[in-house]
Amino acid sequence: MPVTIRDVAAASGVSIGTVSRALNDYPDVSTVTRERVRAAAAELGYVPNQSAQFLSSKRLTSIALIISGFLEDKVFNDFDIMLTRGAFQFATEHDVPISLHVTNSREQAERSLDQLCFEHNVSGAIVFGLRTDDPYCESLSRSTTPCVTVDVPVPGERVGSVVLDDCAAASEMTDYLVSCGHRRIAVVHGSRTAVVSVERMEGIVRSLRSHGIELRDEDVIYTNFTHEEAFEKVGAYLDAHPEPRVTAFLCMSDLLALGTIQAIQRRGLSVPEDFSVTGYDGISLAGFVSPAITTVDQNVQTKGYEAARLLCDMISGRREACRVVLPHSLRKGGSVRKISR
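In this text, residue positions in the sequence shown follow full-length UniProt numbering: the first is 1, and each later residue adds one.
If you are wondering where the hints come from, they were derived from the structure by calculation, not from laboratory data. A quick note: this is a predicted structure, and the numbers were derived from the prediction, not measured. Please note that a few of the clues may not be correct.
[Stated by the list, open to error] Estimated spans, in silico, between C-beta atoms of each pair: (1) VAL47 / GLU273: 48 to 58 Å; (2) LEU285 / ALA236: 33 to 43 Å; (3) ARG85 / PRO153: 16 to 26 Å.
The beta-carbon is built from N, C-alpha and C at its ideal position, and this holds for glycine as well.
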């Protein structure tokens, strides 16, 4: 296992930031500390990578993490927290100053990303939580500030993105449900204005058609990616169909799956005995409920980490703006049962 900057910090008894500054000859590090760090690095065989060396240089000031719509969430959003943790993890490991900002559609219309970055003296920004109708989706294409979006690719010479192949992932989850015998499936849809919802729906429909299954319009339950809406609308769906017309609910997020499970249980029914339920995201909460939710694990924290890496590489000139597609995996829990066809 390669030696990391954390190992050098532990061996020399200083912080990761001090190790970085010592190895890059910053004047605010004493000669004694610098020699101690270098001795520890030599003894451990630590070799700093080029990206870390650049990020520790004075040419990079700081980066911003901008969350759109964060204050509009009515419940704790583990997805945003995991993304944030990933970005801050990269920044901490590479001694990059990072600041956190929240925004919404109104503020985006009043102040561009370039303005925000200029006012806060940052070299670039990571943006997540964007909807297709947010002003940033148009203005970012003209931005002169390096920017990385998460989940929502935006065209522009200075705009990169970190995404998942949502179409393929949703198709894989649908294939799994069908393999378990489920041919009557309801979809708990996310936001109509979210790019990921469109792509996930495409994957679901593609899979169902490949199995000769038609998804009826009345079996698509639209929400705005909120736990409350899933609870209310799935509940209304169940009340309208006392004789079950589906055997499974395929949800576009883990929060929607949680709301769906609560709506089912509130009516004296159970998961997976009466209905199977699947989620999407792989947030930690999905594994803590009973039964654990079968979900698409999209390595959310890694998304934040890789977004920060891409942004810093763009600022340094090591990479042009590009689209980074991360892998996903199917995490099976107890919320899906096999049934006879």
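Which numbered hints does this structure break?
Structure breaks hint 2 only.
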